[in-house]
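*Asks:* Chains A and B, in that order, are what the protein sequence lines are. Letter by letter, the first sequence follows residues 1325 to 1541 of the numbering used here. Letter by letter, the second sequence follows residues 54 to 288 of the numbering used here.
Don't take each hint at face value.
Ranges of calculated distance between the beta carbons of each label pair, as one might list FRET restraints [unchecked claim]:
(1) ALA1528(A) <-> VAL265(B): 35 to 41 Å
(2) VAL76(B) <-> TRP1444(A): 42 to 48 Å
(3) ARG260(B) <-> ALA1333(A): 45 to 51 Å
(4) GLY258(B) <-> VAL1379(A): 35 to 41 Å
(5) ARG1441(A) <-> ARG264(B): 48 to 54 Å
(6) ILE106(B) <-> LEU1452(A): 36 to 42 Å
(7) VAL1379(A) <-> GLN66(B): 46 to 52 Å
(8) PRO1527(A) <-> ASP55(B): 33 to 39 Å
(9) TYR169(B) <-> THR1459(A): 44 to 50 Å
(10) LEU1452(A) <-> GLN66(B): 28 to 34 Å
Computed from the model, here is a short list of chain A residues facing chain B with C-beta under 10 Å [said to hold, decoys possible]:
(11) LEU1337
(12) VAL1439
(13) ARG1441
(14) PHE1514
(15) GLY1518
Calculated from the structure, these hints are not laboratory results. Backbone N, C-alpha and C fix where the C-beta goes; we use that ideal spot for every residue, glycine too.
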Amino acid sequence: MPLWDWGYAFEVLPQLLKALLVTLEITLLGSVVALLLGLLIAVLRQARIPVLDQVLWAFVEFIRSTPLLVQVFFLYFALPRFGITLSALTVGVIGLGVHYATYTSEVYRAGIEAVPRGQWEAATALSLPRSRTWTGVILPQAIPRVLPALGNYVISMFKEVPLLLAISVVEVVSKAQEIGSQTFRFTEPFTIAGLLFLVLSYPASMLVRRLERRRVA
Amino acid sequence: MDNLPQIVTVLFQGLPPTVIAAVGGIALTIVLSFVAGLALLSPRRWVRTISRIYVEAFRGTSEVVQLFWIYFVLPLLVGVQLVPLFAGLLVLGLNHGAYGAEIVRGAVRSVPRAQYEGCVALSLSPTQRMWRVILPQAVVEMLPSFNNLFIQLLKSTSILSLITVAEVTQRGRAVLVPAFGDDIVLIFTVMLLIYLVLSVLITTGMRYAERVAARKVGRRPSREARAVAMTTGAH
């Protein structure tokens, strides 16, 4: 048996590409959750509301410090107990999204804190309403600054999607595993799966790096 | 709540593999980070290229793929089947070492140029320059990022459950969930708390290391480096 069988490799490629679409779909949906929820947490924390602020801080630290896989298992097994039945894919999107929201909230916070105090003061002097201050003054300055960091987290999220095979979401790696156990040939499916990640995430991180350099310059 | 003692007992059985994987993985990460990170700064092109390939290959692919590749594919290629725990430890080290290499590279480059010039003026050898002047300063900058990286690594030990290592996550998932289905929330709360305690231990250790390293070069722990580490993350 040859170490690498090109015929077999091309045979399994279409199936893996199809599964890659699921991975991308989860990444996209997870990013939406992470980017919006993270922003919400960051803005709420900026308001420094007693109790809520401490609760959010504890929540962020707790989620950041514990494994995503365990959190995903928790959602997957515990939610049905409370009468909430969701598909594995939805559980995966929520799990990834919430986990990464705790990361992005820190990123947004750094961006918000980097906006000069004078901007806040000017908004107050112009007696802009609170919502207008955020949407018209603070966030348009804070978010562009942190785009590269947010981009990096989207890329890491993409690479963490395979964790969801543990709750039987059919993404690239679980597909590769499935193909492998049918044919007893793991070399090609797993290698191709790895290369697919590399082919997508390397150019993406190059793009982010370029964005970063442009911001510095 | 009646089952709490059993739940804790079973999860604690998973603690040794988790701790071995985390400590071993961290040790390997430190070694690889410095070797690959300094290689990225080498004046020789081929050294930089090899290191760059290692770093991008491991940063560009998913950790789960790497784990499966080393566990399922590598044995076919070299004819040696790795013990699951060891395969896991290896992947944790290789993967996080690639991220660590960038931390080391960045920190070394952040040391002001004047420090290099000072070394040349004092005619220190390149080795002396690195060990006695550049690295002691760079380490202060890199420790907060390494703290993050080590916590990422600790969290990643949970994926070893996917290759049947009987660590904390596997104990919970394979033993407790089927046995104590009614205590799902309790099982996972205890599990998450175990990881939380372990990551607090890592942070405590690293804060101590930060203070020691900063004192050695007559500085305070770098607050700036810590702020950067908070927002850039490892992965």
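*Asks:* Would you mind marking each hint as holding or not holding in the structure?
*Replies:* Outcome of the hint check:
no.: 1; hint: ALA1528(A) <-> VAL265(B): 35 to 41 Å; in the structure: holds (38 Å)
no.: 2; hint: VAL76(B) <-> TRP1444(A): 42 to 48 Å; in the structure: holds (46 Å)
no.: 3; hint: ARG260(B) <-> ALA1333(A): 45 to 51 Å; in the structure: holds (49 Å)
no.: 4; hint: GLY258(B) <-> VAL1379(A): 35 to 41 Å; in the structure: violated (28 Å)
no.: 5; hint: ARG1441(A) <-> ARG264(B): 48 to 54 Å; in the structure: violated (31 Å)
no.: 6; hint: ILE106(B) <-> LEU1452(A): 36 to 42 Å; in the structure: violated (52 Å)
no.: 7; hint: VAL1379(A) <-> GLN66(B): 46 to 52 Å; in the structure: violated (33 Å)
no.: 8; hint: PRO1527(A) <-> ASP55(B): 33 to 39 Å; in the structure: violated (54 Å)
no.: 9; hint: TYR169(B) <-> THR1459(A): 44 to 50 Å; in the structure: holds (47 Å)
no.: 10; hint: LEU1452(A) <-> GLN66(B): 28 to 34 Å; in the structure: violated (59 Å)
no.: 11; hint: LEU1337; in the structure: violated (16 Å)
no.: 12; hint: VAL1439; in the structure: violated (15 Å)
no.: 13; hint: ARG1441; in the structure: violated (17 Å)
no.: 14; hint: PHE1514; in the structure: holds (5 Å)
no.: 15; hint: GLY1518; in the structure: holds (4 Å)
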